[in-house]
Amino acid sequence: MTVISLSAWDLALAALLVVALAGLTLWARLGVGRSLLIAGVRTVLQLLLVGLVLQTLFDHAQLSWVALMALVMLAVAGYEVMARQERRFAGIWGYGIGAATMFLSAFVVTVLALTTMVGPTPWWEPQYAIPLLGMLLGNTMTGIALGLDRLTHTVWRERRVIEGRLALGETWISATATMRREAARSGLMPTINAMAAAGVVSLPGMMTGQILAGVPPVEAVKYQILIMFLVAGGTGFGALGAVWLASKRLFDQRSRLRLDRLRPGRRG
Amino acid sequence: MECLLEVEGLQTAQLGPLDLCLQPGELVQISGASGSGKSLLLRALADLDPGSGAVRLAGQDRGDIAPPEWRRQVAYVPAETAWWAPRVAEHLPAGWERGQALAWLERMSLPDEALGWEIERLSSGERQRLGLLRALLNRPRVLLLDEPTANLDLENTRRIERAVRSYLAEAGAGALWVSHDTLQRSRLGGRILEIQGGRFAR
Numbered sequence: 613m614t615v616i617s618l619s620a621w622d623l624a625l626a627a628l629l630v631v632a633l634a635g636l637t638l639w640a641r642l643g644v645g646r647s648l649l650i651a652g653v654r655t656v657l658q659l660l661l662v663g664l665v666l667q668t669l670f671d672h673a674q675l676s677w678v679a680l681m682a683l684v685m686l687a688v689a690g691y692e693v694m695a696r697q698e699r700r701f702a703g704i705w706g707y708g709i710g711a712a713t714m715f716l717s718a719f720v721v722t723v724l725a726l727t728t729m730v731g732p733t734p735w736w737e738p739q740y741a742i743p744l745l746g747m748l749l750g751n752t753m754t755g756i757a758l759g760l761d762r763l764t765h766t767v768w769r770e771r772r773v774i775e776g777r778l779a780l781g782e783t784w785i786s787a788t789a790t791m792r793r794e795a796a797r798s799g800l801m802p803t804i805n806a807m808a809a810a811g812v813v814s815l816p817g818m819m820t821g822q823i824l825a826g827v828p829p830v831e832a833v834k835y836q837i838l839i840m841f842l843v844a845g846g847t848g849f850g851a852l853g854a855v856w857l858a859s860k861r862l863f864d865q866r867s868r869l870r871l872d873r874l875r876p877g878r879r880g
Numbered sequence: 113m114e115c116l117l118e119v120e121g122l123q124t125a126q127l128g129p130l131d132l133c134l135q136p137g138e139l140v141q142i143s144g145a146s147g148s149g150k151s152l153l154l155r156a157l158a159d160l161d162p163g164s165g166a167v168r169l170a171g172q173d174r175g176d177i178a179p180p181e182w183r184r185q186v187a188y189v190p191a192e193t194a195w196w197a198p199r200v201a202e203h204l205p206a207g208w209e210r211g212q213a214l215a216w217l218e219r220m221s222l223p224d225e226a227l228g229w230e231i232e233r234l235s236s237g238e239r240q241r242l243g244l245l246r247a248l249l250n251r252p253r254v255l256l257l258d259e260p261t262a263n264l265d266l267e268n269t270r271r272i273e274r275a276v277r278s279y280l281a282e283a284g285a286g287a288l289w290v291s292h293d294t295l296q297r298s299r300l301g302g303r304i305l306e307i308q309g310g311r312f313a314r
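Order-wise, the sequence lines are chains A and B. Residues 613 to 880 in our numbering are what the first sequence lists, from first letter to last. Residues 113 to 314 in our numbering are what the second sequence lists, from first letter to last.
Simulated from the structure, these hints should not be mistaken for lab results. This structure is a prediction, so every number in the text was calculated from the model and none was measured. Incorrect hints may have been included.
Said to hold, decoys possible - Not the full set, but computed from the structure, chain B residues with beta-carbon under 8 Å of chain A:
no., residue
1, Ala158
2, Ile177
3, Pro179
4, Arg183
5, Arg184
6, Ala187
7, Tyr188
8, Trp196
9, Pro205
10, Arg246
11, Ala247
We treat Cβ as the ideally placed atom computed from N, Cα and C, and that holds for glycine.
Make the full structure from the sequences, and use the hints.
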């Protein structure tokens, strides 16, 4: 089976759909026509750019270039986590907690998968390393951002309860137990839902892509299962780690609740 | 006589520097306009707000006492008490004794069943009395009371006053009591310290 190459004309036809939708929303005064068009243009430009970058990377496969690409991806994902917070930590912590836990979870799981499960030669072969890391970063990013946002949100809302419990002699760990559990759960839920619905409600994107590219469905399914388990592991460990680090940062060495360490974020 | 609670040069973002010596069994009233820093003083003593300066309990430096232990010994009861579980008993401190709890309930004219009451149905006066009760079950050496009778009628106000007084006498504990009520001030007696702009007025 070969891949049917798409022409510019095919893509233009698909773009007509977006233009038509923009026209309809403009007519209905939904106020999203402009952002829809801008998002469409961004999709084209960003994906073309990343396509070129990947092509160059594949042509000149070197560990240093793969590592550089991986670090750029991590830097952007770290920024995204910070930007999605209603209240983020002041200073380097605002960026650091998300970036550090993503590095530990997504990077470790990717390297583990490359060296022990997928096993390309060399192990950092960009054709495998970059898409795997991309999928892991994308998912851990969402999990960590959700977990952190939920944690700071509930701690802020429940500050009187937390201090009331501290005043009765509880440790910060027991005073925030339910909030930390809730935050970790909300970081994990998207992954659990995705695993539960995989193949029944929706065909996962990667599997669909592989099938379109001519890979036998059973092979595509095996890869998809691998990815889902990696994503579950990476997201889970990442979200748990981020929630724990952030909770610790919300208290000082005398177990005082330090909400002064939070700043209003983009939405706040 | 040695101070039970001794404060030297206590300073936080909005307070101080403050010095204070609370004797065993003593009740000191804290007065001052709203926003003058009365609650902040109590919070700082309970180690809920960061600050500098020395705070000692019976000669022992605060830094040498673990935070949970400090807060059990130096009990802060805020004006608005916080509740986080469905029933009263779930809010009592770890290791509470039933006999002690029942004795306090009686002193505060609440029935024994109050331990099983739902938080949703408590009146503000009941919340205030139960908020004080759970702090007393830790057998604190210092009570930091932020308007503990603000929502109570005169009868219950006087019950609380008597309960605190007798606790101080029995346990040799001390108390800082923030009050706005001038009649209550004369009933409570003792020293009155006024706070202005985060410092004690002369």
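Hint-by-hint comparison with the structure:
With its C-beta approaching chain A no nearer than about 6 Å, Ala158(B) sits inside the 8 Å limit, and its interface hint holds. A least Cβ separation of about 10 Å between Ile177(B) and chain A goes past the 8 Å threshold, and the interface hint is therefore violated. Given hint, Pro179(B) at the interface with chain A, holds; its Cβ is 4 Å from that chain's nearest Cβ, closer than 8 Å. Evaluation of the Arg183(B) hint against chain A yields a held restraint, the C-beta minimum of about 5 Å falling below 8 Å.
Interface hint at Arg184(B): satisfied, since its Cβ lies 4 Å from the closest Cβ of chain A, which is below the 8 Å cut-off. Because the closest C-beta pair between Ala187(B) and chain A is about 7 Å apart, less than 8 Å, the hint holds. Because the smallest distance between the Cβ of Tyr188(B) and any Cβ of chain A comes to about 5 Å, under 8 Å, the interface hint for this residue holds. Annotation: Trp196(B) was flagged as interfacial toward chain A, and the flag holds, the nearest CB pair being 5 Å apart, inside 8 Å.
With 8 Å as the threshold, the beta carbon of Pro205(B) comes within range of chain A, its nearest partner Cβ sitting at about 5 Å, so the hint holds. Hint status for Arg246(B) relative to chain A: holds, with the closest Cβ pair at about 6 Å, below 8 Å. Taken as an interface hint, Ala247(B) checks out: its beta carbon lies about 7 Å from the nearest beta carbon of chain A, inside 8 Å.
Against the hints set out earlier in the document, a violation occurs for number 2 only.
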